[in-house]
Amino acid sequence: MKSSAAEKSVEYRGSPDPPGNAPVLGLRENLAQFSLLVLVNAFVGGMVGLERVILPLVAEQEFGLVSKSVILSFIVGFGFVKAFTNLAAGRFSDRIGRKALLVGGWVVGLPIPFILMWAPSWGWITVANFLLGINQGLCWSTTVIMKIDLVGPKRRGLAMGLNEFSGYLAVSLAALATGYIAAAYGLRPAPFYLGVGFVVLGLILSLFFVRETRGHARHEAKNHGSAADVPFKDIFARTSYKNPDLFSCSQAGMV
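Position 176 of the sequence shown, counted from 1, bears residue number 175 in numbering that gives the first Met the number 0, the numbering being contiguous throughout.
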């Protein structure tokens, strides 16, 4: 995801858009779409919170797993897949569009709650978490990028903060809700009905109501100047270790 911001600053060239055809940047000017993306990211976060309380209990009580390392393997698999999907999302959001990746992430997420409900073995739970890593890497990353596109250069920090707030608040609320549901109705399948709602609503909103924001990024780049194209490997090196500021951000993200 770090690479996408660097790419956006170098991807687009050309003369400024005619005033009548130019996208309008700003939080107030794009409040409806921005708020919709905040809601969509809440559903993205809810998909993560869905399993955090329940799956360790499922591992012990239904599959008889006692090794903590085995039980927590679903988190390792999730994180590994999400990391590379984040990288791909940043790379391809400028090529095929933000909305396409967002919708694709929700499509990948469709089977997740059903696998978690009816998985006959722990291997299926691990597969569901691989899919969740792809879902999160595509959906969370693109909602961040799209909010930054909409608000322009002046309110990026606020856009990022609101995105993270909505996502992680949803993680905690979904974890709390699934805990209560599991206590009342059992570990499976009832708690994962929430996931069906999250993924269906997220897909519907993303497919029919969220608008592509790549034009906003192009408009910003054209009107604020753009540098020469930089190869992906150079962008990766710059954001990973060559630039001290970007290196510190990458290090903080890893921690």
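Any given hint could turn out to be false.
What the hints assert, rightly or not - What follows is a set of in silico ranges between Cβ atoms, one per label pair, in the way DEER data are often shown:
1. Val69 / Asp233: 39 to 47 Å
2. Pro55 / Tyr184: 15 to 23 Å
3. Arg51 / Leu30: 49 to 57 Å
4. Ala189 / Ser34: 42 to 50 Å
5. Lys221 / Ala182: 49 to 57 Å
6. Arg94 / Tyr184: 13 to 21 Å
7. Leu109 / Val69: 35 to 43 Å
8. Arg237 / Arg187: 43 to 51 Å
9. Gly96 / Tyr192: 29 to 37 Å
10. Arg210 / Glu59: 44 to 52 Å
Said to hold, decoys possible - Derived lysine-lysine pairs resembling DSBU-like cross-links, with alpha carbons at most 35 Å apart:
11. Lys153 / Lys232
12. Lys232 / Lys221
13. Lys153 / Lys67
14. Lys67 / Lys98
15. Lys241 / Lys153
FYI, nobody ran anything at the bench for these hints, they're computed from the structure.
We put the CB at the ideal spot given by N, CA and C, even for glycine.
How the hints compare with the structure:
Roughly 40 Å separates the CB atoms of Val69 and Asp233, a value that falls within the hinted 39 to 47 Å. Restraint check, Pro55 to Tyr184: a C-beta distance of roughly 18 Å satisfies the suggested window 15 to 23 Å. The beta-carbon spacing between Arg51 and Leu30, approximately 32 Å, falls outside the hinted interval of 49 to 57 Å. Checked against the given bound of 42 to 50 Å, the beta carbons of Ala189 and Ser34, roughly 31 Å apart, lie outside it.
For the pair Lys221 and Ala182, the beta carbons lie near 55 Å from each other, so the given range of 49 to 57 Å is met. Taken as a hint, the range 13 to 21 Å is violated for the pair Arg94 and Tyr184, whose Cβ atoms sit roughly 45 Å apart. Checked against the hint of 35 to 43 Å, the C-beta distance between Leu109 and Val69 comes to roughly 27 Å, which is inconsistent with it. The given range of 43 to 51 Å is respected by Arg237 and Arg187, whose C-beta atoms sit roughly 46 Å from each other.
Against the hinted window of 29 to 37 Å, the Cβ-Cβ separation of Gly96 and Tyr192 comes to about 32 Å, which satisfies the hint. For Arg210 paired with Glu59, a C-beta distance near 45 Å keeps the hint of 44 to 52 Å intact. Restraint check: the Cα-Cα separation between Lys153 and Lys232 comes to about 28 Å, which is no more than 35 Å; the hinted pair holds. Between Lys232 and Lys221 the CA atoms are separated by roughly 24 Å; this keeps the pair inside 35 Å, and the hint holds.
Of the supplied pair hints, the one linking Lys153 and Lys67 is violated, its CA atoms being roughly 46 Å apart against a limit of 35 Å. Straight-line distance between C-alpha atoms of Lys67 and Lys98 comes to about 38 Å, which puts the hinted pair past the 35 Å bound. Distance restraint check for Lys241 and Lys153: the Cα-Cα separation of roughly 26 Å lies within the 35 Å cut-off, and the hinted pair is therefore satisfied.
Of the numbered hints given earlier, the model fails hints 3, 4, 6, 7, 13, 14; all others are met.
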